[in-house]
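As you go down the protein sequences, you meet chains V and R in turn. Just so we're aligned, residue 2 is where the first sequence starts under this note's numbering, counting upward by one. Just so we're aligned, residue 3 is where the second sequence starts under this note's numbering, counting upward by one.
Just so you know, the hints here were simulated from the structure itself, not pulled from any lab data. All residues carry an ideal CB built from backbone N, CA and C; glycine is no exception. Please note that the accuracy of each hint is not assured.
What the hints assert, rightly or not - Each pair of labels, with its calculated beta carbon distance range:
1) A135/V <-> D5/R: 56 to 62 Å
2) A96/R <-> E32/V: 52 to 58 Å
3) P45/V <-> Q109/R: 34 to 40 Å
4) D74/R <-> A383/V: 56 to 62 Å
Said to hold, decoys possible - Which stretches of chain V does chain R cover? Using the computed rule of at least three CB atoms under 8 Å from a CB of chain R, they are:
5) 182-196
6) 282-296
7) 322-330
8) 391-399
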Amino acid sequence: MIQEPTRLQRLWLCEAIRQRETHAGPLDDREANRHAQRAAKDLPGRIQARALFLARRDGLVEALDSLLGGARLALLLLFLLAIFGGAGLAFASVGDGREPINVFWALLGLLGLHFVSLLLWLASQLFTPASPTALGRFWLWITRTFSQKLMHKTARDQRAPNLVPALFQLLERRRLVRWLGGSLVHGFWLVTLLACLVMLLGLFSTRRYGFIWETTLLPASSLIRATEWLGFLPALVGFPLPDASTVLASGTVPVITEAARQAWAGWLLGVLVVFGLLPRALLLLVCWLRWQLGQRKLTLADSISDYSLLAERLQPVSASTGIVDPAPAQLYMPHIANASGKATPESRNAAHLSSNVGHLEQQHTQMLVAIELNPERNWPPAELPAAVMDGGIIEDRNQRRQFLDRITLHPPQRLAIAIDSDRSPDRGTLGLITEIAPLVDAAYIWLLPPQVPPDGNQARLKIWRESLDALGMLYNDTPPWHWLETGRE
Amino acid sequence: MNDLLKFVVVGHTNVGKTSLLRTLLRDSKFGEVSDRPSTTRHVEGATLTVGGEQFATLFDTPGLEDASALLDYLEDLERIERQKHPNQRIDAPARLELFLGSIEARQRFEQEAKVIRQLLASDAGLYVIDAREPALAKYREELEVLSGCGKPLLPVVNFSATGGRLEEWENALARLNLHARAVFDTITPPIDGERHLYESLALLLDSKQRPALEQAVSALEKQNGKRRQSAALLVAELLVDCAAARHSVAPEAEEEAEAKLFVQVREREQKCVEALLDLYAFQADDARLHTLPLSEGRWGDDLFNPETLRALGIRVGSGMAAGALAGAGIDVMAGGLTLGTATAIGALVGGGAQTVRNYGSRLLNKLRGQNELTLSDSVLQVLAVRQGYLLQALAKRTHAATSRIPPPEEADVARSDITDPLQSFFKQARAYPEWSSLNEEHELEGESRDALVGKIASSLMAFSADATQ
Numbered sequence: 002m003i004q005e006p007t008r009l010q011r012l013w014l015c016e017a018i019r020q021r022e023t024h025a026g027p028l029d030d031r032e033a034n035r036h037a038q039r040a041a042k043d044l045p046g047r048i049q050a051r052a053l054f055l056a057r058r059d060g061l062v063e064a065l066d067s068l069l070g071g072a073r074l075a076l077l078l079l080f081l082l083a084i085f086g087g088a089g090l091a092f093a094s095v096g097d098g099r100e101p102i103n104v105f106w107a108l109l110g111l112l113g114l115h116f117v118s119l120l121l122w123l124a125s126q127l128f129t130p131a132s133p134t135a136l137g138r139f140w141l142w143i144t145r146t147f148s149q150k151l152m153h154k155t156a157r158d159q160r161a162p163n164l165v166p167a168l169f170q171l172l173e174r175r176r177l178v179r180w181l182g183g184s185l186v187h188g189f190w191l192v193t194l195l196a197c198l199v200m201l202l203g204l205f206s207t208r209r210y211g212f213i214w215e216t217t218l219l220p221a222s223s224l225i226r227a228t229e230w231l232g233f234l235p236a237l238v239g240f241p242l243p244d245a246s247t248v249l250a251s252g253t254v255p256v257i258t259e260a261a262r263q264a265w266a267g268w269l270l271g272v273l274v275v276f277g278l279l280p281r282a283l284l285l286l287v288c289w290l291r292w293q294l295g296q297r298k299l300t301l302a303d304s305i306s307d308y309s310l311l312a313e314r315l316q317p318v319s320a321s322t323g324i325v326d327p328a329p330a331q332l333y334m335p336h337i338a339n340a341s342g343k344a345t346p347e348s349r350n351a352a353h354l355s356s357n358v359g360h361l362e363q364q365h366t367q368m369l370v371a372i373e374l375n376p377e378r379n380w381p382p383a384e385l386p387a388a389v390m391d392g393g394i395i396e397d398r399n400q401r402r403q404f405l406d407r408i409t410l411h412p413p414q415r416l417a418i419a420i421d422s423d424r425s426p427d428r429g430t431l432g433l434i435t436e437i438a439p440l441v442d443a444a445y446i447w448l449l450p451p452q453v454p455p456d457g458n459q460a461r462l463k464i465w466r467e468s469l470d471a472l473g474m475l476y477n478d479t480p481p482w483h484w485l486e487t488g489r490e
Numbered sequence: 003m004n005d006l007l008k009f010v011v012v013g014h015t016n017v018g019k020t021s022l023l024r025t026l027l028r029d030s031k032f033g034e035v036s037d038r039p040s041t042t043r044h045v046e047g048a049t050l051t052v053g054g055e056q057f058a059t060l061f062d063t064p065g066l067e068d069a070s071a072l073l074d075y076l077e078d079l080e081r082i083e084r085q086k087h088p089n090q091r092i093d094a095p096a097r098l099e100l101f102l103g104s105i106e107a108r109q110r111f112e113q114e115a116k117v118i119r120q121l122l123a124s125d126a127g128l129y130v131i132d133a134r135e136p137a138l139a140k141y142r143e144e145l146e147v148l149s150g151c152g153k154p155l156l157p158v159v160n161f162s163a164t165g166g167r168l169e170e171w172e173n174a175l176a177r178l179n180l181h182a183r184a185v186f187d188t189i190t191p192p193i194d195g196e197r198h199l200y201e202s203l204a205l206l207l208d209s210k211q212r213p214a215l216e217q218a219v220s221a222l223e224k225q226n227g228k229r230r231q232s233a234a235l236l237v238a239e240l241l242v243d244c245a246a247a248r249h250s251v252a253p254e255a256e257e258e259a260e261a262k263l264f265v266q267v268r269e270r271e272q273k274c275v276e277a278l279l280d281l282y283a284f285q286a287d288d289a290r291l292h293t294l295p296l297s298e299g300r301w302g303d304d305l306f307n308p309e310t311l312r313a314l315g316i317r318v319g320s321g322m323a324a325g326a327l328a329g330a331g332i333d334v335m336a337g338g339l340t341l342g343t344a345t346a347i348g349a350l351v352g353g354g355a356q357t358v359r360n361y362g363s364r365l366l367n368k369l370r371g372q373n374e375l376t377l378s379d380s381v382l383q384v385l386a387v388r389q390g391y392l393l394q395a396l397a398k399r400t401h402a403a404t405s406r407i408p409p410p411e412e413a414d415v416a417r418s419d420i421t422d423p424l425q426s427f428f429k430q431a432r433a434y435p436e437w438s439s440l441n442e443e444h445e446l447e448g449e450s451r452d453a454l455v456g457k458i459a460s461s462l463m464a465f466s467a468d469a470t471q
């Protein structure tokens with residue numbers, strides 16, 4: 002069981018989780034996200050921690066475990082196959098010694114398949130580098146079969162299918178599939194050829210073989226030349242090369258002199274090593290190094306753009322930094338000055354006397370004033386009774402001050418204040434009402450019905466009513482003509 | 003932390019300051035929103051992260067409510083100060099400093115003092131305007147108070163979509179020398195509204211601060227595009243899953259199997275809707291979103307109702323019997339060979355072992371006298387149109403919205419130019435039963451399936467892009 006996944010395994014699990022989320026939408030990840038936020042500070046770290054958490058929760062780690070187990074078994078199987086295949090190849094190529102070895106047939110038998118496979122591999126690198134080779138597919142197939150058998154115990158087999166494509170997707174970001182596949186193919190062949198070599202050595206050591214070559218069409222000299230060419234490279238490394246006379250002699254009867262046998266056997270082994278083992282070993286080394294290097298370079302950063310939406314969940318777009326300036330225990334609200342401050346007829350008379358103009362406004366004791374109206378409203382209203390004075394519309398500070406001065410000097414007996422219920426009942430307006438109300442004998446609020454939006458903002462009307470109730474004001478939404486005239490509703 | 007840009011959202015009470023913040027922060031739980039004035043009574047900050055980088059802190063403030071009285075008070079303060087120090091020059095910021103130290107800054111103008119203090123500590127202010135309100139004098143007075151802070155102010159005209167008094171406001175702002183402005187709507191934001199808002203803001207900042215903002219804008223755009231694409235991919239997955247769904251049934255068990263398939267498809271659609279909501283951070287457990295018709299099953303239950311098809315203006319193929327107007331089509335013709343020989347061969351050649359196995363078992367089932375149940379074109383079309391509509395609605399929806407996503411109407415969705423290209427994709431998906439997670443044997447990973455999902459997604463994105471214009 003995987004306790005601590007390796008770096009590659011972590012990336013693999015991340016990719017598997019990502020792919021699953023692309024297909025089926027985000028997983029339920031609240032717990033995982035919290036865990037990830039605790040586990041790491043940076044985004045890649047968090048993504049990995051989250052994926053690992055989800056993978057563990059959803060049994061993906063177990064699936065990976067059994068897949069790796071399957072892969073190992075499959076590898077073992079391939080290894081055995083390679084050993085038996087190689088040994089068989091050697092045996093099939095040289096026979097049991099009762100017949101002399103036809104050197105060129107033996108050569109073809111030993112290296113032919115290897116050459117064809119090598120050519121196919123090279124071709125696949127040119128044309129379809131990303132897709133696994135036949136051997137790779139075979140390995141995957143056995144791996145899956147094994148891992149499904151292994152996984153049967155955990156009964157989570159539906160999770161595994163997504164792991165292999167995830168690995169491919171992950172590796173292809175750095176074009177690593179070819180190097181991993183190459184390592185597999187060349188490793189397989191190296192083992193095969195090694196087994197073949199060992200088998201050959203064994204056979205050559207314990208049996209006596211005669212060597213012969215045959216031709217009907219070709220002149221003997223061309224075969225001699227072929228032998229020399231093939232043996233040239235092995236000879237450089239120290240493998241024996243049969244001399245021309247030996248080769249010529251082998252053309253008619255199987256050579257039986259010890260030196261000739263050794264020369265031929267050495268030549269055959271040399272060709273096998275130099276043209277079979279050596280290229281495979283070199284290619285394996287190259288592939289394996291590229292794979293190791295590339296694998297080390299794999300990071301989450303390669304695919305970070307695929308995680309940009311996940312990033313929002315792990316590093317939320319917004320995070321409250323908290324309340325900087327707390328709300329007051331009690332909000333200041335305008336209120337009508339208490340009884341002692343309330344204008345009484347006496348105090349007002351005093352004010353009138355001091356101003357010496359008190360008697361002037363006796364004709365106009367009813368007034369209508371409006372606060373902050375929608376421009377669409379017809380103001381003053383056409384049906385305004387002649388007896389009611391138009392106090393205009395109060396909007397800005399000057400108008401406010403002028404109006405307050407005016408009613409301080411000439412307080413109307415009854416004042417109706419028209420309020421547009423489209424306005425929000427803010428402290429400014431309520432404050433103005435509380436400043437005006439004590440200055441007059443009686444004040445009345447006319448709540449103009451809402452206009453905006455077309456159906457009217459009934460919610461605001463309701464809030465106006467509550468606010469006015471709190472102030473203890475009289476109000477209604479019908480024209481106040483009767484009240485202005487009689488003082489009664 | 004300290005070098006983050008600081009923006010403060012200010013404005014009259016009840017103009018939607020907190021809603022604007024919810025939209026910009028993509029957080030439908032930020033602060034509290036109501037119809038009442040003075041809903042927000044404190045200053046609250048939140049950092050905004052774009053593309054993994056924190057780039058600004060936004061502050062929500064209480065509404066200004068009594069700027070007239072405050073201006074009166076400021077003048078009084080100035081007069082008193084001048085009497086005390088006749089030679090000292092008192093400019094607007096100095097006057098505000100005096101105010102912040104005064105007793106009324108803790109009493110009557112406590113809320114206003116909070117706003118001013120925060121604006122003084124920020125890089126710029128977003129002055130939110132309710133476009134439905136006339137440009138009254140009190141707003142001018144508020145701007146006068148705020149401009150005393152000496153910080154750039156960007157008027158943000160909110161609720162512009164609901165036929166506000168835009169022109170009136172533009173004139174009023176121009177008279178106050180405020181020429182940069184952003185027109186926005188927190189409920190139905192204009193296309194690129196957010197970008198315009200930040201770009202207008204960038205113009206007000208000094209050149210040192212500007213790059214951070216510009217970077218954030220481009221990251222934001224990228225993120226939005228990415229989100230739209232992911233959403234379209236989720237829907238495309240749903241469509242492929244449904245189109246490729248194929249159940250073999252014995253003729254006598256057709257009704258039962260049909261009912262089972264319908265349940266599967268409904269559940270699959272619901273799952274997709276939840277994934278979409280999640281993607282846009284409209285959480286399914288968000289109390290406000292419970293009012294979405296989605297959770298009431300309206301999106302799911304009427305999928306197979308012939309009325310839905312009619313309402314969506316989808317013509318039902320004439321070959322279908324009246325009884326089976328909607329729903330699954332029984333593939334009676336030669337057991338799935340109606341796919342056409344060409345597609346069948348294509349499936350055999352192009353697909354993996356799974357395809358071959360599937361195809362083989364289908365033929366076997368046919369020989370056993372079983373029929374094949376798939377979803378009819380019209381159901382797939384309804385799914386496509388409905389999800390496409392949802393994609394649009396989600397792309398436009400903000401985190402300030404508290405109302406439902408209304409069900410699509412015929413005018414929105416009767417788009418044969420959109421659904422026609424999808425038909426051929428559906429046909430293709432039908433040929434690969436292993437592409438559907440609704441089928442028992444499936445293999446969802448594969449290049450050709452991914453390619454089809456990609457094509458459907460781009461088709462859907464074109465659909466939602468068209469519709470938003």
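Hint-by-hint comparison with the structure:
1. A135/V <-> D5/R: 56 to 62 Å: Once the Cβ atoms are compared, 59 Å apart, the range 56 to 62 Å for D5/R and A135/V holds.
2. A96/R <-> E32/V: 52 to 58 Å: holds (54 Å)
3. P45/V <-> Q109/R: 34 to 40 Å: violated (52 Å)
4. D74/R <-> A383/V: 56 to 62 Å: violated (35 Å)
5. 182-196: Check failed, 0 qualifying residues.
6. 282-296: Since 0 is below three, the answer is violated.
7. 322-330: Since 8 is at least three, the answer is holds.
8. 391-399: With 3 residues in contact (Cβ-Cβ under 8 Å with chain R), the coverage given for the segment 391-399 of chain V holds.
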